[in-house]
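Chemist: Assemble chain B onto chain A, guided by the hints.
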Amino acid sequence: MTYETLKASQKEAIKILENSYAKKRLSHAYIFEGEAGTKKFDTALFFASLLLCSDANKKPCGQCHHCRRIQHQTHPNLYIVRPAKRMVVKDDIQELQKEFNKTALEDGAKIYIISEADTMNPYASNALLKFLEEPHDNIYGILLVKDSTKLLPTIRSRSQIINFHSLPEITIYENLIEQGFDPQLARLASAIHHTTDSAEAFLSLPNVYDLIDIVYALYEDLSQQKPLILTFEKEIFDVVKNTDDYQALLDIMMYYQKDLIYGKMNHHKNLIFDDQQAIMETILPHKTKAMLLEELQHMLSLKNNLNFYINERLAFDNLLLALERRTNHE
Amino acid sequence: MRFEINKDKLLYHLIVAQKALSNKTPNPALQGIKLDVLKDKLILTTSNSDISIKITVEDASLNVEEEGAVLIPGKYFIEIVRKLDGQLVQMSHLDDNLLRIEADHSDITLNTLELDDYPNIAFNEKENFVKINVRTLKTIIRQTAFATSTIENRPILTGVNLKIDGKKLTGVATDSYRLSQKTIPLEEAYDTMQVIVPGKSLEELMKILENNQDHVEIHFDQARVLFKYNNILFVSRLLEGNYPETSKLIPQEFPVKIKFNKETLITAIERASLLSSRDGHNAIVKLDLRADDIVEITSNSPEIGRVLEEVYPVDEVVGSPIKIAFSSKYILEALKVFASSEVTVNFTGEIRPFIITGEYDEDMLQLILPVKTD
Chain A
1 MTYETLKASQ
11 KEAIKILENS
21 YAKKRLSHAY
31 IFEGEAGTKK
41 FDTALFFASL
51 LLCSDANKKP
61 CGQCHHCRRI
71 QHQTHPNLYI
81 VRPAKRMVVK
91 DDIQELQKEF
101 NKTALEDGAK
111 IYIISEADTM
121 NPYASNALLK
131 FLEEPHDNIY
141 GILLVKDSTK
151 LLPTIRSRSQ
161 IINFHSLPEI
171 TIYENLIEQG
181 FDPQLARLAS
191 AIHHTTDSAE
201 AFLSLPNVYD
211 LIDIVYALYE
221 DLSQQKPLIL
231 TFEKEIFDVV
241 KNTDDYQALL
251 DIMMYYQKDL
261 IYGKMNHHKN
271 LIFDDQQAIM
281 ETILPHKTKA
291 MLLEELQHML
301 SLKNNLNFYI
311 NERLAFDNLL
321 LALERRTNHE
Chain B
331 MRFEINKDKL
341 LYHLIVAQKA
351 LSNKTPNPAL
361 QGIKLDVLKD
371 KLILTTSNSD
381 ISIKITVEDA
391 SLNVEEEGAV
401 LIPGKYFIEI
411 VRKLDGQLVQ
421 MSHLDDNLLR
431 IEADHSDITL
441 NTLELDDYPN
451 IAFNEKENFV
461 KINVRTLKTI
471 IRQTAFATST
481 IENRPILTGV
491 NLKIDGKKLT
501 GVATDSYRLS
511 QKTIPLEEAY
521 DTMQVIVPGK
531 SLEELMKILE
541 NNQDHVEIHF
551 DQARVLFKYN
561 NILFVSRLLE
571 GNYPETSKLI
581 PQEFPVKIKF
591 NKETLITAIE
601 RASLLSSRDG
611 HNAIVKLDLR
621 ADDIVEITSN
631 SPEIGRVLEE
641 VYPVDEVVGS
651 PIKIAFSSKY
661 ILEALKVFAS
671 SEVTVNFTGE
681 IRPFIITGEY
691 DEDMLQLILP
701 VKTD
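Sequence order for the protein chains is A and B.
First residue of the first sequence? That's 1 in the working numbering, and the numbers climb one at a time after it.
First residue of the second sequence? That's 331 in the working numbering, and the numbers climb one at a time after it.
It should be emphasised that the hints constitute simulated quantities derived from the structure, not laboratory data.
Derived contacts from chain B toward chain A, CB cut-off under 10 Å, selection only:
no. : residue
1   : Pro358
2   : Ala359
3   : Ser377
4   : Tyr448
5   : Asn450
6   : Ile451
7   : Pro485
8   : Pro528
9   : Asp551
10  : Ala553
11  : Arg554
12  : Arg567
13  : Leu569
As a list, the in silico DSSO-like pairs of lysine-lysine whose alpha-carbon atoms are at most 30 Å apart:
no. : chain 1 : residue 1 : chain 2 : residue 2
14  : B       : Lys371    : B       : Lys537
15  : A       : Lys258    : A       : Lys226
16  : B       : Lys349    : A       : Lys98
17  : B       : Lys413    : B       : Lys369
18  : A       : Lys98     : B       : Lys558
19  : B       : Lys349    : B       : Lys339
20  : B       : Lys354    : A       : Lys130
21  : A       : Lys130    : A       : Lys98
22  : B       : Lys493    : A       : Lys130
23  : B       : Lys497    : B       : Lys456
24  : B       : Lys354    : A       : Lys85
25  : B       : Lys468    : B       : Lys456
26  : B       : Lys537    : A       : Lys98
27  : B       : Lys405    : A       : Lys98
28  : B       : Lys530    : A       : Lys98
29  : B       : Lys558    : B       : Lys468
30  : A       : Lys98     : B       : Lys578
A partial selection of chain A residues facing chain B, derived with a Cβ cut-off under 10 Å:
no. : residue
31  : His66
32  : Arg68
33  : Gln73
34  : Thr74
35  : His75
36  : Asn77
37  : Ile80
38  : Gln94
39  : Gln97
40  : Lys98
Quick reminder that beta carbons are idealized off the backbone N, C-alpha and C, glycines included.
In isolation and in its complexed conformation, chain A is listed as follows:
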């Protein structure tokens, strides 16, 4: 991505960085907060280029040896931490510290980027905090997060937070329709994802139709009072293979569940799965609003727990059992 297109999509964030650079009022640490796909990482590279670019007239030029290596992520003064598994752990931060306790291989600023910094576990957070407490000259850190409240307050207070705005749902929807996607799929994808890119990526998953079919069949069986676990044993094994699949499946289920809740409240506008109304009607009499909300809560917490090392299959079965509950007065 060129810096021009980046500037167009994240005007405000870029402006803040450029101004503080021009006024020499840089913070030692920045938190870039925004949904996935809001170009936080590209902006972090832009910031590194701003600091290291050798073109005095037009910083960052994107052309010089510094800028080129920053884009290739091979610049020795640029250190990038990415969670190896699902979270940033203490070892990652210690490696970072080890690197920054030494002088730079090349002259100029040193920059570190911690991607998905909100997945830092407590040990990693405390190690990072200790590192932030002793600011070194010419070292700048950028933490990329979806939700800055998941960081320690003491880390937040030592950093400048820059917000990255996501596109409104309707814009993403329109973009997807323009690309020729089916309106219902576009509604679903734009509800789940906050940028056109990630929504498109979601719709391009090879098994996205299978996942939606599973959700449909699941609620259909629920309406017919079939035991969900037995029915879905095979399908889940064939289609849902890894954590990402479980995440996507849960995303779809959550919006189906939301439609159910809207249905319970007789709010029939803006439904995503409007072709499922017949099945929803047969489920709704057996569920109270509180139950539906509780089920949604269950899905949310399961989605959150998927980030940790849990037995996914077992946790999912647990959810299915919870969904089978009905009101007693039949």
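Modeler: Using the frame of chain A, we list chain B on its own:
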């Protein structure tokens, strides 16, 4: 790029360059050897980011037909050159990312790495550099680097503090339980300067320096230190921060002084540390100076057994009886860097650090903190 060179000469320099070759690095370009081919010389550059080596190769057998630069996967390149037959090896750039190596009956093409991703390493020589004898430099490294800390809790202690003050160069290393210090005289006076060089970098440098009468130039800089040795430039990054003030830790008055034969003391402590329930390297041994001026070295682990060694000091003992306990690992490592065959152990008290000095190890001291035992 196209040139020809004697294979053994090339291999000799490649093996030196290999010391800074990185096999585990986020930047794949650092797995490469950068080869700059100029009219009458080759320049080899390697770096693992902590240390970087640049070697200028000028040899009668070198015949450059076309200049150029290329980044070659280091591991494969060295192994290929090592196994080649014949006297001469010929190398040429086929296109942007292929290197052709020809020797005797072999014809090898190797995919090259992206040269543009290679860091721009400064091998800046300064006007004011310190010139010292290779052996002296090796001595100072050998006598200090071992005492650096291996744990990263206090990163600064993983380095050796090199200080220049007038006509003296001092190296200090400590892991906070023991300290080594060696001072050497310089031929000229220099401006005061100090840097903290990672112990690991110095150990790599040791492997490159040979045992000869050549000189090494040390070029100090705020961000890097450069060692120039014949045709080799060796750059190390430095540790940032302030090195703890160590001079106050070293006691000045020693009421008790005992002189030992070094080998006798080493073997006695080694035997005493055999029967330790802790792992053999970290056994605690006790030293007891008796009223009859004979020293007892003991260790006792109730579940294994007990060792008592009597060691006779080689000279008259100064001071009154003393009992002190310490880690056998620290004292053995310290004793082994002495060139003197007789060493003096100087005590200030039973729970105060003691230092070891040797007659033929001028301006060198090894300090060890005792261990408290009940």
